[in-house]
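J.: Here is how the chains run, residue by residue.
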Amino acid sequence: RKEVEQDPGPFNVPEGATVAFNCTYSNSASQSFFWYRQDCRKEPKLLMSVYSSGNEDGRFTAQLNRASQYISLLIRDSKLSDSATYLCAGYGGSQGNLIFGKGTKLSVKP
Amino acid sequence: EPEVTQTPSHQVTQMGQEVILRCVPISNHLYFYWYRQILGQKVEFLVSFYNNEISEKSEIFDDQFSVERPDGSNFTLKIRSTKLEDSAMYFCASSSGVLTNEKLFFGSGTQLSVL
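Order-wise, the sequence lines are chains P and Y.
For the first sequence, position 63 matches number 63 in our numbering, and the numbering has no gaps at all.
All you need for our numbering is the position in the second sequence, starting with 1, plus 1000.
The set of hints was computed from the structure by calculation and includes no laboratory data.
Heads up, a few of these hints could be off.
Within a straight-line C-alpha distance of at most 30 Å, the following computed DSS-like cross-link-like pairs (lysine-lysine) qualify [said to hold, decoys possible]:
| id | chain 1 | residue 1 | chain 2 | residue 2 |
| --- | --- | --- | --- | --- |
| 1 | Y | Lys1042 | P | Lys79 |
| 2 | P | Lys79 | P | Lys42 |
| 3 | P | Lys79 | Y | Lys1078 |
| 4 | Y | Lys1057 | P | Lys79 |
| 5 | P | Lys42 | Y | Lys1057 |
| 6 | P | Lys79 | P | Lys105 |
| 7 | P | Lys105 | Y | Lys1057 |
| 8 | Y | Lys1057 | P | Lys109 |
Next comes chain P alone, as it looks inside the complex:
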């Protein structure tokens, strides 16, 4: 069974803090991984794709460790508006179905 596991949190951090989330996956055949952001009762929105050794987009850095089968998301200088649930997802099937983790809740406090 293909699974994606995340620490559910919540992570409560002050503004300006650096916070990191990890996600482990069980399907070693997965080629692509993604971080999504989901606000309460809203749709998931793609935050970053994670390929090969990872990538950076402004305050956000995603890393992929294939040997240990985990991906991470680092948020630097966190803002109040970063408060959301962060979902990691891996490509699970032959025609593009994503397998999501349950999400990690982040609350950034003033």
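Put chain Y on the given structure of chain P with help from the hints.
T.: Just chain Y, lined up with the frame of chain P:
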């Protein structure tokens, strides 16, 4: 930015009734998906659809579920006889290619409540 639209935003139905959830994917996209999220649970894949046929479906997508692209723009999910456990947020999504290369765009969802 182009978006996936879903209607209705909320649907309340009685157990045993049929419901149809509607979606308009992004116009030049070729791959269409339905996902669902039970309150407090993971976003779960239901089905993918390409070239007017189902490409892949999960074990959740049993005989009570069906999908259709009736007119070249709409993409529908039908639940034939709803159960209480079908209550969830249903998200439609589309992409221009398979997800190894292309990003997935989600609609804002239909909250289905089965009473």
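J.: Looking back at the numbered hints, which does the structure fail to meet, lowest number first?
T.: 3, 4 and 8
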